[in-house]
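Using the supplied hints, reconstruct the complex from the two chains, each of which is provided in its own coordinate frame.
Protein chains in written order, with our numbering: chain A, 1 to 111; chain B, 112 to 226.
Think of the hints as simulated: they come from the structure by calculation, not from any bench.
Do not take every clue at face value.
Stated by the list, open to error - So the derived label-pair ranges between C-beta atoms look like this:
id: 1; chain 1: A; residue 1: Ile65; chain 2: B; residue 2: Glu155; range: 24 to 30 Å
id: 2; chain 1: A; residue 1: Arg58; chain 2: B; residue 2: Ala113; range: 32 to 38 Å
id: 3; chain 1: B; residue 1: Thr131; chain 2: A; residue 2: Gln9; range: 33 to 39 Å
id: 4; chain 1: A; residue 1: Lys53; chain 2: B; residue 2: Leu226; range: 46 to 52 Å
id: 5; chain 1: B; residue 1: Gly208; chain 2: A; residue 2: Ile65; range: 47 to 53 Å
id: 6; chain 1: B; residue 1: Glu129; chain 2: A; residue 2: Ser26; range: 34 to 40 Å
id: 7; chain 1: B; residue 1: Gly153; chain 2: A; residue 2: Gly52; range: 26 to 32 Å
Every value quoted in this text rests on a predicted model; they were computed, and no experiment measured them.
We treat Cβ as the ideally placed atom computed from N, Cα and C, and that holds for glycine.
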Amino acid sequence: KNEVEQSPQNLTAQEGEFITINCSYSVGISALHWLQQHPGGGIVSLFMLSSGKKKHGRLIATINIQEKHSSLHITASHPRDSAVYICAGSLIIQGAQKLVFGQGTRLTINP
Amino acid sequence: DAGVIQSPRHEVTEMGQEVTLRCKPISGHDYLFWYRQTMMRGLELLIYFNNNVPIDDSGMPEDRFSAKMPNASFSTLKIQPSEPRDSAVYFCASSLGYSGANVLTFGAGSRLTVL
Chain A
1 KNEVEQSPQN LTAQEGEFIT INCSYSVGIS ALHWLQQHPG GGIVSLFMLS
51 SGKKKHGRLI ATINIQEKHS SLHITASHPR DSAVYICAGS LIIQGAQKLV
101 FGQGTRLTIN P
Chain B
112 DAGVIQSPRH EVTEMGQEVT LRCKPISGHD YLFWYRQTMM RGLELLIYFN
162 NNVPIDDSGM PEDRFSAKMP NASFSTLKIQ PSEPRDSAVY FCASSLGYSG
212 ANVLTFGAGS RLTVL
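Just chain B, with the same shape it has in the complex (with noise of 0.2 Å):
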């Protein structure tokens, strides 16, 4: 299994510009999630699915950011439009059954620089 998969692995970008990372899970995985991680405040979670169904989106931190997952094999985050201070390595992980009972699996991450 390749894991969970992430692209693009870095993105420089000008602010107001629209941003879409993708992710891929590991196949079979019934649980994706969205982080990001900062110096500041460390990993924090954006939003997750349970079988492509967006279960809890509380940490999107504004109606800039969008998360999708058409189906069980690819979700996007897309950020429109983009602002310095989200600048942020992006994980996405995935998941059999639920991080209470089950080991993530995370992505390389998606550095993005938003100047």
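Isolated chain A, as found in the complex (with noise of 0.2 Å):
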């Protein structure tokens, strides 16, 4: 069983629409990641969340320590947020950080 958990996979939605990212996480881990990699290949780190929620722009994380369960969520989405999100945990093993990746979410947002 992976230790984090995505989901959708793929979500294709309309400019406008309000977008919903989940992922679930297993015990141990202290925080979550909420990385974006756009189709030329970058990866951009959006939030890191140990608790709460953060806001930057239209994108809002959440994250909820009892349920291990975070969200990302995009407001007024546009065809630029098109990409792939993923979410990462961080986890201490033997003495040694880890960080745990999602199998990621492929967002398309059509004009």
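Structure follows, in structure tokens:
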């Protein structure tokens, strides 16, 4: 079983729609990263959060520690938001830190 | 700041050749990570360094892979001899402090194709 599970794997929506991508994680993960990978391949870190909620522009990330669940929301989606969104959990194993990645959600926003 | 700088951006080589990928982390960052991304397995951690010291190399697939960080501003990932199954995008990332509390900054990646 993967330690980080994302859903959906693929998501297609129309411009302007509200988008939600979900991430569930296992025990031991102390923080969640949300990453964005554009078709060109570069990876950008969007958020790192261990509690509560963070907002940056039209992007909002929330985390529920008790339920071991995080969501990434995009308001007023735009075609330029089309990318793969990856959640990654940070955990410590035998004193070494690991970043465990979800399989990614491919988001396509149509004009 | 120029960000994390990786080179080369693209490398095409023949099976059996040595490949060296390079990374310059953000100045002042004390953690450096090497990741590999493939369609089949997604992103995987290969090795990471803290203050130039390798901490965990359990993700390095086999002895053909080696990584060094001779100083705080430079790291290499070497594959010798290379095989077609090593074809992937290799990302370097750095952070100030460990990833449980700090944001990672990724390089643009090095796309390796082994024929």
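Evaluation of the provided hints:
{"no.": "1", "hint": "A/Ile65 / B/Glu155: 24 to 30 Å", "in the structure": "holds, 26 Å"}
{"no.": "2", "hint": "A/Arg58 / B/Ala113: 32 to 38 Å", "in the structure": "violated, 27 Å"}
{"no.": "3", "hint": "B/Thr131 / A/Gln9: 33 to 39 Å", "in the structure": "holds, 35 Å"}
{"no.": "4", "hint": "A/Lys53 / B/Leu226: 46 to 52 Å", "in the structure": "holds, 48 Å"}
{"no.": "5", "hint": "B/Gly208 / A/Ile65: 47 to 53 Å", "in the structure": "violated, 20 Å"}
{"no.": "6", "hint": "B/Glu129 / A/Ser26: 34 to 40 Å", "in the structure": "holds, 38 Å"}
{"no.": "7", "hint": "B/Gly153 / A/Gly52: 26 to 32 Å", "in the structure": "holds, 27 Å"}
Of the numbered hints stated above, those contradicted by the structure are hints 2 and 5, listed in ascending order.
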